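J.: Residue numbers (my numbering), protein chains in the order written: chain B, 94 to 235; chain R, 652 to 777; chain G, 312 to 613.
Fair warning: there could be bad hints in the mix.
List of simulated lysine-lysine pairs, DSS-like, C-alpha gap at most 25 Å [stated by the list, open to error]:
hint	chain 1	residue 1	chain 2	residue 2
1	R	Lys-697	B	Lys-212
2	G	Lys-363	G	Lys-384
3	G	Lys-363	G	Lys-381
4	R	Lys-668	R	Lys-697
5	G	Lys-447	G	Lys-384
6	G	Lys-378	G	Lys-430
7	B	Lys-212	R	Lys-753
8	G	Lys-384	G	Lys-405
9	R	Lys-697	B	Lys-143
Simulated restraints on C-beta separations [unchecked claim]:
hint	chain 1	residue 1	chain 2	residue 2	range
10	G	Gln-594	R	Gly-677	32 to 40 Å
11	R	Leu-709	G	Glu-353	50 to 58 Å
12	G	Glu-579	B	Glu-227	36 to 44 Å
13	G	Asp-543	B	Phe-125	41 to 49 Å
14	B	Glu-227	G	Gly-591	29 to 37 Å
15	R	Pro-726	G	Asp-497	50 to 58 Å
16	G	Pro-491	R	Gln-713	23 to 31 Å
A few chain G residues that don't get close to chain R, going by computed Cβ distances all over 10 Å [to be verified]:
hint	residue
17	Leu-366
18	Ala-390
19	Arg-409
20	Ala-427
21	Ala-437
22	Thr-493
23	Gln-518
24	Gln-523
25	Ala-547
26	Val-578
It should be emphasised that the hints constitute simulated quantities derived from the structure, not laboratory data. Remember, predicted model here, so these are calculated numbers, not experimental data. The beta carbon of each residue, even a glycine, is placed where N, CA and C say it ideally should be.
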Amino acid sequence: MLCALPLTALARSIRLHIDEAQGEHRVVLQKFNEVLIVPLPDPVSDGFFKDLNTRLLAFLRLDNVRGIVLDLSSVEVMDHHDFEQINRVWQTTHLMGTPLVLAGLKPGVAAAWSLLNVKDHWATGALSVESAMEILAGNQAR
Amino acid sequence: MRILSPQDASLAVLIVKDIAHAAGLGGLKISALTTAVSELTTNVVKYAEHGLLTVQVLERKQLRGIEVIVEDRGPGIANIPLAMEDHVSTGGTLGLGLPGTKRMVDEFEIQSTLGSGTSVRIVKWS
Amino acid sequence: MDFHLLRPFMHHNEFPALFELQDTDLERIAQFGHVMAPHIDEVIEPLYDFLKIALGQDFNLNFPDEKALKRAKSLSRHAWLEFLNGRWDDDYIKSRVRIGEVHAQLQIEPRHYMAAMDKVSDLLAAFVNRLVEPAKATATQESLRRLARMESAFVVDIYASRTTDIITKQSRALTDMSTPITALWDGILMLPVVGIVDSRRAQDIMQRMLEQISEKRATVFILDISGVAVVDTAVANHLIRMTKAARLMGSYTIVSGLSPSVAQTIVELGIEVGEMRTTGNLQDALRIAFDRIGKEHPIAHR
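So here's chain B without its partners, still in its complex pose:
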């Protein structure tokens, strides 16, 4: 949809009127070694988080899940509102007794969240989904 817009010219001033776009939020869950991997879409949306929370609650009740990895490696932009949404996901899973790891956070987002001074004491980060799995495995060993 973006390609349709004339963005090639460095127009001095662009005032665009765009009709409401149809948002899509599909929650995709993968399970690997009893760990749930959730890739987050780009961009994230409130609708997505709402669906995610519902799906997670259902999943955690039924299946044996010993950890959750949020794969953030595709997400280019997240503001503090999105951070709080992720925190809420964590709160949910935390209450259910399942650890959650944020994997593959992009440098730009990390920098932004840091500048925004988000309260991150609860968060566990991992460089990749792989490392996240190792962290969760380590958890198990303890």
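Please build the complex by placing chains R and G on the supplied structure of chain B, with the hints as guidance.
T.: Just chains R and G now, kept in the frame of chain B:
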């Protein structure tokens, strides 16, 4: 660009990103700018019914800059200085995220009248 | 007006106390000023004659032509007439700051400026003998010298801050050649931070640091600050932010190279470093780094 819904906000972010990229801004500067835009448009979606986003490419000597103005006719901000302070309190959320947004950009101006609306202007230089 | 020039401006109240200049001094000067004003050119001309001899070649550099010379004399005249008004207030301060600015821009040496001030003091003293009744003469001369000294100190202060600015800019230019991020081991990156860490450089450092962490999958990142000129609250906050961002990405940051004096400053300033891990030297940081790697990759024990 008219912002009515969260999808508009996302689209706005993407547009600004494309423009910034075309203007030659570096990776992390684009991230900072787009996150700032995300913050501002999220505020619009949250607190005001709708808003207007204007993006413009500026040129100053050898530098290019992206200027984004986000305006709304929402409730406005009662106490701007307070809103611009970092909240260190426990349990509280970041509210409008304005101090952080200011840190992410090179120029930051805000005007707000209680009951009439808010306007924020940010510029990120290359 | 540049902020840095406001520094002496903000402390201008200190000066009268320091130089023991009182209201009576200013009154005397003002009184003398009334009778002196018509004779002002009889001071300006000799002053410039003196400067021509004293500055030698530099004189032509500063006053290349008749027009420049005329303009300079006119400015001097104006400045000295203001001096003779006997007022040390905001307007006067502003005008002195401007004088300092101009002198600095023209690169007139402080010693030349001071010599000129001295010369005029002498010339004015001679006029005091001519124009003021003997009973008041000595006191008036003393007041004039006091104000001249005080003003000199003020203007030289401005010179100094200007020079500091230039040096800062130059040193920044040097340290802008950014130091590279090196891999000390598989998964351990290090960056020596050198010089002044202002928000622009902090942004640059954080950007490179986070990009490298992502690219090289660095589990540990060592920021060595032994080369950092000043560590104050602002710098500490930058470091804390970098640590925070890296942590969110899954990387552990160690800030090494804290000198005892820096540690003391941090404590004195009451800076909350929180969970930020710091060490005095690089070896300790390395040891901690290997520890961390060992924990997360059981295979990589050293």
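J.: None of the hints should be skipped; say for each whether it holds.
T.: Evaluated hints:
1. R:Lys-697 <-> B:Lys-212: holds, 21 Å
2. G:Lys-363 <-> G:Lys-384: holds, 13 Å
3. G:Lys-363 <-> G:Lys-381: holds, 14 Å
4. R:Lys-668 <-> R:Lys-697: Holds. Lys-668 (chain R) to Lys-697 (chain R) sits at ~22 Å (cutoff 25 Å).
5. G:Lys-447 <-> G:Lys-384: violated, 30 Å
6. G:Lys-378 <-> G:Lys-430: holds, 23 Å
7. B:Lys-212 <-> R:Lys-753: Given pair Lys-212 (chain B), Lys-753 (chain R) holds - Cα atoms ~18 Å apart, limit 25 Å.
8. G:Lys-384 <-> G:Lys-405: It holds: about 20 Å lies between the C-alpha atoms, which stays within 25 Å.
9. R:Lys-697 <-> B:Lys-143: With Cα atoms ~16 Å apart, Lys-697 (chain R) and Lys-143 (chain B) stay inside 25 Å; holds.
10. G:Gln-594 <-> R:Gly-677: 32 to 40 Å: Once the Cβ atoms are compared, 35 Å apart, the range 32 to 40 Å for Gly-677 (chain R) and Gln-594 (chain G) holds.
11. R:Leu-709 <-> G:Glu-353: 50 to 58 Å: holds, 55 Å
12. G:Glu-579 <-> B:Glu-227: 36 to 44 Å: holds, 42 Å
13. G:Asp-543 <-> B:Phe-125: 41 to 49 Å: Roughly 48 Å apart at Cβ, these two residues keep to the hinted range, so it holds.
14. B:Glu-227 <-> G:Gly-591: 29 to 37 Å: Given range 29 to 37 Å: holds, Cβ gap about 31 Å.
15. R:Pro-726 <-> G:Asp-497: 50 to 58 Å: holds, 54 Å
16. G:Pro-491 <-> R:Gln-713: 23 to 31 Å: Holds - the Cβ-Cβ distance for Pro-491 (chain G) and Gln-713 (chain R), about 26 Å, lies within 23 to 31 Å.
17. Leu-366: The claim stands: Leu-366 (chain G) keeps its Cβ more than 10 Å from every Cβ of chain R (closest is about 36 Å).
18. Ala-390: Given that every Cβ of chain R is farther than 10 Å from that of Ala-390 (chain G), nearest at about 35 Å, it holds.
19. Arg-409: At about 27 Å from chain R, Arg-409 (chain G) clears the 10 Å cut-off, so the statement holds.
20. Ala-427: It holds; Ala-427 (chain G) is separated from chain R by about 38 Å at its closest Cβ, greater than 10 Å.
21. Ala-437: At about 53 Å from chain R, Ala-437 (chain G) clears the 10 Å cut-off, so the statement holds.
22. Thr-493: holds, 21 Å
23. Gln-518: Non-interface label on Gln-518 (chain G) violated, nearest chain R Cβ at 4 Å vs cutoff 10 Å.
24. Gln-523: Non-interface label stands for Gln-523 (chain G): nearest chain R Cβ at 12 Å, farther than 10 Å.
25. Ala-547: Ala-547 (chain G) clear of chain R: closest Cβ-Cβ about 15 Å, beyond 10 Å.
26. Val-578: holds, 20 Å
Of the numbered hints listed earlier, those contradicted by the structure are 5, 23.
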